[in-house]
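> Could you build all of it, start to finish, from the sequences and the hints given here?
Numbering (our numbering), first residue to last: 43 to 322.
Any given hint might turn out to be false.
[Stated by the list, open to error] The calculated DSBU-like cross-link candidates involving lysine-lysine, where the alpha carbons are at most 35 Å apart (straight line), are:
{"no.": "1", "residue 1": "168", "residue 2": "103"}
{"no.": "2", "residue 1": "78", "residue 2": "175"}
{"no.": "3", "residue 1": "160", "residue 2": "299"}
{"no.": "4", "residue 1": "191", "residue 2": "299"}
{"no.": "5", "residue 1": "157", "residue 2": "168"}
{"no.": "6", "residue 1": "175", "residue 2": "160"}
{"no.": "7", "residue 1": "103", "residue 2": "113"}
{"no.": "8", "residue 1": "191", "residue 2": "175"}
{"no.": "9", "residue 1": "120", "residue 2": "157"}
{"no.": "10", "residue 1": "194", "residue 2": "299"}
{"no.": "11", "residue 1": "168", "residue 2": "194"}
{"no.": "12", "residue 1": "274", "residue 2": "299"}
{"no.": "13", "residue 1": "69", "residue 2": "120"}
{"no.": "14", "residue 1": "168", "residue 2": "187"}
{"no.": "15", "residue 1": "299", "residue 2": "187"}
{"no.": "16", "residue 1": "175", "residue 2": "113"}
{"no.": "17", "residue 1": "194", "residue 2": "120"}
{"no.": "18", "residue 1": "160", "residue 2": "103"}
{"no.": "19", "residue 1": "78", "residue 2": "120"}
{"no.": "20", "residue 1": "187", "residue 2": "157"}
{"no.": "21", "residue 1": "160", "residue 2": "69"}
{"no.": "22", "residue 1": "157", "residue 2": "175"}
{"no.": "23", "residue 1": "191", "residue 2": "168"}
{"no.": "24", "residue 1": "160", "residue 2": "194"}
{"no.": "25", "residue 1": "113", "residue 2": "299"}
{"no.": "26", "residue 1": "78", "residue 2": "168"}
{"no.": "27", "residue 1": "175", "residue 2": "194"}
{"no.": "28", "residue 1": "120", "residue 2": "103"}
{"no.": "29", "residue 1": "78", "residue 2": "160"}
{"no.": "30", "residue 1": "194", "residue 2": "103"}
{"no.": "31", "residue 1": "175", "residue 2": "187"}
{"no.": "32", "residue 1": "103", "residue 2": "69"}
{"no.": "33", "residue 1": "175", "residue 2": "274"}
[Unchecked claim] Derived Cβ-Cβ restraints for the label pairs, each shown as a range:
{"no.": "34", "residue 1": "311", "residue 2": "250", "range": "28 to 34 Å"}
{"no.": "35", "residue 1": "113", "residue 2": "144", "range": "20 to 26 Å"}
{"no.": "36", "residue 1": "76", "residue 2": "187", "range": "55 to 61 Å"}
Hints are computed from structural coordinates only; laboratory data are not their basis.
Note that the Cβ used here is the ideal one computed from N, Cα and C, for glycine as well.
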Amino acid sequence: MRAINNPKENLLETFRQNNRTLDEIQKALNQYLESKRQMFSRFFFLSNNELLLILAEANRKPETVQPHLRKLFENINKIVIGTGVHAETIIRIESAEQEELPLTRPPRTRDSVEKWLKELEGEMVKTLRAVIKNVLGEYEEDESKREVKLNKLKSNILQVAITVDSINWCSITEDVLRDDYVQESIALWYTEIEESLRILTEIVRRDLTFIERRTVICLMTQDVHYRDIVEKIRDAQVTAEDFLWQQQLRYYATDEKNILIRQLSSVLDYGYEYLGATTR
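If you want it as structure tokens, here you go:
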């Protein structure tokens, strides 16, 4: 009996040892993946299998990350890697709507994937910050007619256009609410918004690219919302300190052109996450 049972006992012990070894391997693998997620926190959005695939292939083939970009970023659908002197360099990112955002300082893909993805994240933020700062400065200093300014605005990245429009609307509305002749000023401001909507309606009928048309439509949608807010404020005869104004989502630019978002007592920094040309 002992001679017959020994092979079975050995086999059972082998299975047990293999299970212990497998558990140790699984534990080590999870620790390894956790260390990568700690280095680039957006990896938490990926499954273990997806992350393993990226770690195994992306160092040799950066394009391996393409199918997973929408899980890692809000609307980066594609990274474009240069050729020639720009080889191994991410020169721009593209949204699902094929809007393009050239990067100010293109990151290189020579390092480990978690490092260059983190650099890509940083360059996305820096590029958007720089573009918004430049467009906002030009928009504020531009003394052209409203139609000319709106024509220029529509040619920018959609996210930049509506952010600049939001800051401009908030700044003027708050100035109006602090004016000594607030009712006269707000009535005039309401008329100006109506005129902007008329101009945008004319622009959207022109021969525009898909992205330009999407930008104009988003500006129109946003300005209709802003017009309705101004109408409520005008009818309620409120000031800048009243709840009706304070409850609104308000965009402010600091002297350094950093963006703050306020609502009631909440103050948030603008995140500069690239959103693409999505509808708002």
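> Does each hint fit the structure? Answer for all of them.
Here is what the structure says about each hint:
no.: 1; hint: 168 with 103; verdict: holds, 25 Å
no.: 2; hint: 78 with 175; verdict: holds, 33 Å
no.: 3; hint: 160 with 299; verdict: holds, 24 Å
no.: 4; hint: 191 with 299; verdict: holds, 19 Å
no.: 5; hint: 157 with 168; verdict: holds, 17 Å
no.: 6; hint: 175 with 160; verdict: holds, 23 Å
no.: 7; hint: 103 with 113; verdict: holds, 19 Å
no.: 8; hint: 191 with 175; verdict: holds, 16 Å
no.: 9; hint: 120 with 157; verdict: holds, 18 Å
no.: 10; hint: 194 with 299; verdict: holds, 19 Å
no.: 11; hint: 168 with 194; verdict: holds, 22 Å
no.: 12; hint: 274 with 299; verdict: holds, 29 Å
no.: 13; hint: 69 with 120; verdict: holds, 33 Å
no.: 14; hint: 168 with 187; verdict: holds, 31 Å
no.: 15; hint: 299 with 187; verdict: holds, 23 Å
no.: 16; hint: 175 with 113; verdict: holds, 28 Å
no.: 17; hint: 194 with 120; verdict: holds, 27 Å
no.: 18; hint: 160 with 103; verdict: holds, 17 Å
no.: 19; hint: 78 with 120; verdict: holds, 22 Å
no.: 20; hint: 187 with 157; verdict: violated, 46 Å
no.: 21; hint: 160 with 69; verdict: holds, 26 Å
no.: 22; hint: 157 with 175; verdict: holds, 27 Å
no.: 23; hint: 191 with 168; verdict: holds, 25 Å
no.: 24; hint: 160 with 194; verdict: holds, 33 Å
no.: 25; hint: 113 with 299; verdict: holds, 30 Å
no.: 26; hint: 78 with 168; verdict: holds, 24 Å
no.: 27; hint: 175 with 194; verdict: holds, 15 Å
no.: 28; hint: 120 with 103; verdict: holds, 14 Å
no.: 29; hint: 78 with 160; verdict: holds, 11 Å
no.: 30; hint: 194 with 103; verdict: violated, 39 Å
no.: 31; hint: 175 with 187; verdict: holds, 21 Å
no.: 32; hint: 103 with 69; verdict: holds, 28 Å
no.: 33; hint: 175 with 274; verdict: holds, 31 Å
no.: 34; hint: 311 with 250: 28 to 34 Å; verdict: holds, 33 Å
no.: 35; hint: 113 with 144: 20 to 26 Å; verdict: holds, 24 Å
no.: 36; hint: 76 with 187: 55 to 61 Å; verdict: holds, 57 Å
Taken one by one, the earlier hints fail for this structure at numbers 20, 30, listed in ascending order.
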